[in-house]
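Based on the sequences and whatever the hints tell you, model everything.
Number of protein chains: 2
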Amino acid sequence: MRCGNGIEARQVNELFINIDPIQAGGRLTGDAMKAIIAYGDGYSVCDNCRKPNRLDYISKPPIAEFHKDVAAFVHMDDARMIPGARRGFQAVAHTYVKKGDPVLLTGLSHYTEFLAVEEEGGIPREIPSDAHHIITPDAAAAKIEDVQREFGRAPVLAFIDHVDYQYGNMHDVTAIARVARQYDIPVLCNGAYTVGILPVDGKGLGVDFVVGSGHKSMAAPAPSGVLATTAERAQEVFRTTKIEGDVTGRKFGIKEPEMMGCTLMGATLVGMMASFPQVKERVNHFDRELSNNKIVVDALLSVTGTKLLSENPRKHTLTRIDTIGSFDTVAESHKKRGFYFSGALSEKGIAGIIPGATKVWKFNTYGMTDKQAIYLADAFVTTARENGLRITA
Amino acid sequence: MRCGNGIEARQVNELFINIDPIQAGGRLTGDAMKAIIAYGDGYSVCDNCRKPNRLDYISKPPIAEFHKDVAAFVHMDDARMIPGARRGFQAVAHTYVKKGDPVLLTGLSHYTEFLAVEEEGGIPREIPSDAHHIITPDAAAAKIEDVQREFGRAPVLAFIDHVDYQYGNMHDVTAIARVARQYDIPVLCNGAYTVGILPVDGKGLGVDFVVGSGHKSMAAPAPSGVLATTAERAQEVFRTTKIEGDVTGRKFGIKEPEMMGCTLMGATLVGMMASFPQVKERVNHFDRELSNNKIVVDALLSVTGTKLLSENPRKHTLTRIDTIGSFDTVAESHKKRGFYFSGALSEKGIAGIIPGATKVWKFNTYGMTDKQAIYLADAFVTTARENGLRITA
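As given, the protein sequences belong to chains A and B, one line each in that order. Taking the numbering used here, the leading residue of the first sequence gets 671, the next gets one more, and so forth. Taking the numbering used here, the leading residue of the second sequence gets 671, the next gets one more, and so forth.
Hints are computed from structural coordinates only; laboratory data are not their basis. Be a bit skeptical, because a hint or two may be false.
Note that the list lumps identical chains together, so a pair holds whenever it fits in one copy or between two copies.
[Unchecked claim] List of simulated lysine-lysine pairs, DSSO-like, C-alpha gap at most 27 Å:
| no. | residue 1 | residue 2 |
| --- | --- | --- |
| 1 | Lys721 | Lys1006 |
| 2 | Lys964 | Lys1006 |
| 3 | Lys1018 | Lys721 |
| 4 | Lys1005 | Lys721 |
| 5 | Lys1006 | Lys769 |
| 6 | Lys964 | Lys977 |
| 7 | Lys768 | Lys1041 |
| 8 | Lys1018 | Lys1041 |
| 9 | Lys985 | Lys1005 |
| 10 | Lys985 | Lys1041 |
| 11 | Lys1018 | Lys1005 |
| 12 | Lys950 | Lys1006 |
| 13 | Lys1029 | Lys921 |
| 14 | Lys977 | Lys1018 |
| 15 | Lys730 | Lys1006 |
| 16 | Lys769 | Lys912 |
| 17 | Lys912 | Lys768 |
| 18 | Lys964 | Lys1029 |
| 19 | Lys873 | Lys1029 |
| 20 | Lys985 | Lys1029 |
| 21 | Lys730 | Lys1029 |
| 22 | Lys977 | Lys1005 |
Okay, here's the thing in structure tokens:
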């Protein structure tokens, strides 16, 4: 079935249990699907844009109210919707980082945080993760001291991932932010894997910025996201334009340069808005998600030789697993090589594992029903049995 | 009818002839509507992302091919899809403009071009428009000379709007670019109102960059757009990342910092792709659009006292009109004040005029059928008659 010239209609979430690590939290709600059709046209949300002519002031559809709701949702003072979390990193880096400035990242930081630093000519300095792939406040303090020695000053900004993309581990942002505050370092909490998935309390974390991703974790179309901040930092990162035309004398009102003016028109924004009531609710039931994750992880670990690389017990459903000692041993002699594994799962109705991957890989159980989790767990065990791997009870 | 909590389903294009100046070219095609449902989920297009892991290399759906097609469509060597034209301005400004650098804009430049300059600390210098609201190559040359005198050097970059947002006038980008080249100034052609609407030949225009807007003129959801460039400039603005983690030694492959890595995932991109065959075709029939525009403009000018502020004959369907001497004279004594005008039109099934506006306003006839243009023309004349205005034959 095609939905345009050469574009096969995608049905992966209709036909499969999809355990793709980055897709789980971005699946649209039914309301979002309806909304993106109704508001699919480019400037659809601008029908009732009136002075002062800025997206976040529009009241019909209720965009202004939505901005306030999202700020409250992450317990911050102010929020803007943005075209992806990365555009939030970019705006904050652009506000605080100058060429040659040291910037604190971590050994588990996402590449888009690095790109935001690179854009400003900042010098990245990573807080190393410990043996369990956790970023600790002690390591943060030590790294800041290192930077002080190296640069004669503290880092100008810190990016700390709430849950990282590599292991899905949760890091103690509260304690790390407390350390950073002692050196007056503004802290950006990257909540791409948490905002919309589990409760995030920006003020409680003691951070200056919370960034979330609409398409990763808020059941919204891409590119979408949120940059939330405190009243104090809002004056910096959401400062309004000062530029003026030399001939016409034109000024540009309350448009915000870091946002490049208005941000998300149309489908992306209304998709976020339509999903938001369900997103607000679902974060309160993350315990269910973790128990489903445990069913699947336990099944995988019952296959002798499998190692869990993520922290245990799990605090997030994004999970990194090492099957070099189990599923990969089959690949060596299987006629399909490593493709037997994703192939066997695909036949069982499971998608989202990179074809051929049998060594170290990631999956995400977020959004499954209990039944699906049990089915998935059984599919892993069955695939192991079918290929002569040992199962421990 | 609602499509989510407090979100009224939008039906403006189903129930009305919509003459909103910025919405005409961004209305989705049927194929785009199907595609955004199929690909609505956040990372939907990433199902088949393989090494080297960059959006524009994905072949299923045919994203890689689409990138090549779009570059060819505007006759440039290379193209990236971006979250709105403004993000193209930002990337180019960030590449070429340093603090204190003079940047050439025009008296008709869009505010987002100014914001891109402001972000880099550039100093905007506007080429003034002439009495007919046209940016001429002579004025460009004079302004560059002024800048040379003032700064001791030429502007580092020029933003020239192909068709401007204020009057919908077409400017002689070819001749202006020829002038700029004599001073080695890279030229960005802002085709937000032309790419996807009428044929745009970047090499023919002699520019370094062509920027287009998906949601303004390519029948795509927001935010979307294109940044196309020459092979030479591609090495500058699409340079790949060089940053490296100091602890982990991580590098980030062929990700492009100005693009912040991958750009448009999901609905926005696939919406552009699905509409593209129709968009490619429709630019060849812009003459029909202009004849429809003429029907409407002639009708408005038949109302005594109305002035056309845009150039005449029209070269674009975005049109600025002055009705201070006609429709506005009624507003003075009408019990609904200026709201009578948009109200009367709304009753006739016409939307897209700012409620209360009767002095100077804009409309866009793009995408209408002949019948709709005749109907719209008649609606303006009838509204004038109903309110006792004089009509000249």
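Evaluated hints:
1. Taking the shortest alpha-carbon separations for Lys721 and Lys1006, only the inter-copy value of 20 Å comes in at or below 27 Å, while the best intra-copy value is 63 Å.
2. Taking the shortest Cα distances, Lys964 and Lys1006 never come within 27 Å of each other, neither inside one copy (30 Å) nor across copies (65 Å).
3. For the identical chains of this complex, Lys1018 and Lys721 are inter-copy neighbours only, at 26 Å across copies versus 55 Å inside a copy, given an alpha-carbon limit of 27 Å.
4. Taking the shortest Cα distances, Lys1005 and Lys721 sit within 27 Å of each other only across copies (23 Å), while inside one copy they are farther apart (67 Å).
5. Taking the shortest Cα distances, Lys1006 and Lys769 never come within 27 Å of each other, neither inside one copy (51 Å) nor across copies (57 Å).
6. Taking CA atoms no more than 27 Å apart as the test, Lys964 paired with Lys977 passes inside one copy only; the shortest distance there is 14 Å, against 72 Å between copies.
7. Neither within a single protomer nor between protomers do Lys768 and Lys1041 lie at most 27 Å apart by alpha-carbon distance, with minima of 52 Å and 57 Å respectively.
8. In this assembly of identical chains, the alpha carbons of Lys1018 and Lys1041 lie at most 27 Å apart only when taken from the same copy (14 Å versus 55 Å across copies).
9. For the identical chains of this complex, Lys985 and Lys1005 are neighbours neither inside a copy (38 Å) nor across copies (64 Å), given an alpha-carbon limit of 27 Å.
10. For the homomeric pair Lys985 and Lys1041, the shortest alpha-carbon distance inside one copy (21 Å) is at most 27 Å, but the shortest distance between copies (61 Å) is not.
11. For the identical chains of this complex, Lys1018 and Lys1005 are intra-copy neighbours only, at 19 Å inside a copy versus 70 Å across copies, given an alpha-carbon limit of 27 Å.
12. In the homo-oligomer, the alpha carbons of Lys950 and Lys1006 never lie at most 27 Å apart, since the shortest distance is 44 Å inside one protomer and 43 Å across protomers.
13. In this assembly of identical chains, Lys1029 and Lys921 lie within 27 Å of each other by CA distance solely across copies; the values are 21 Å between and 57 Å within a copy.
14. In this assembly of identical chains, the alpha carbons of Lys977 and Lys1018 lie at most 27 Å apart only when taken from the same copy (23 Å versus 69 Å across copies).
15. In this homomeric assembly, Lys730 and Lys1006 come within 27 Å of each other (Cα to Cα) only across copies, at 22 Å, whereas the closest approach inside a single copy is 56 Å.
16. Taking the shortest Cα distances, Lys769 and Lys912 sit within 27 Å of each other both inside one copy (22 Å) and across copies (15 Å).
17. For the identical chains of this complex, Lys912 and Lys768 are neighbours both inside a copy (20 Å) and across copies (17 Å), given an alpha-carbon limit of 27 Å.
18. In the homo-oligomer, the alpha carbons of Lys964 and Lys1029 lie at most 27 Å apart inside one protomer (20 Å), although the nearest pairing across protomers, at 66 Å, exceeds that limit.
19. When the C-alpha separation of Lys873 and Lys1029 is checked against a cutoff of 27 Å, the pair qualifies neither within a copy, at 40 Å, nor between copies, at 48 Å.
20. Within a single copy, Lys985 and Lys1029 get their C-alpha atoms as close as 23 Å, which meets the 27 Å cut-off; across copies the closest is 60 Å, which misses it.
21. Proximity of Lys730 to Lys1029 under the C-alpha cut-off of 27 Å is restricted to the inter-copy arrangement: shortest distance 25 Å between copies versus 51 Å within a copy.
22. When the C-alpha separation of Lys977 and Lys1005 is checked against a cutoff of 27 Å, the pair qualifies only within one copy, where the shortest distance is 25 Å, while the shortest distance between copies is 78 Å.
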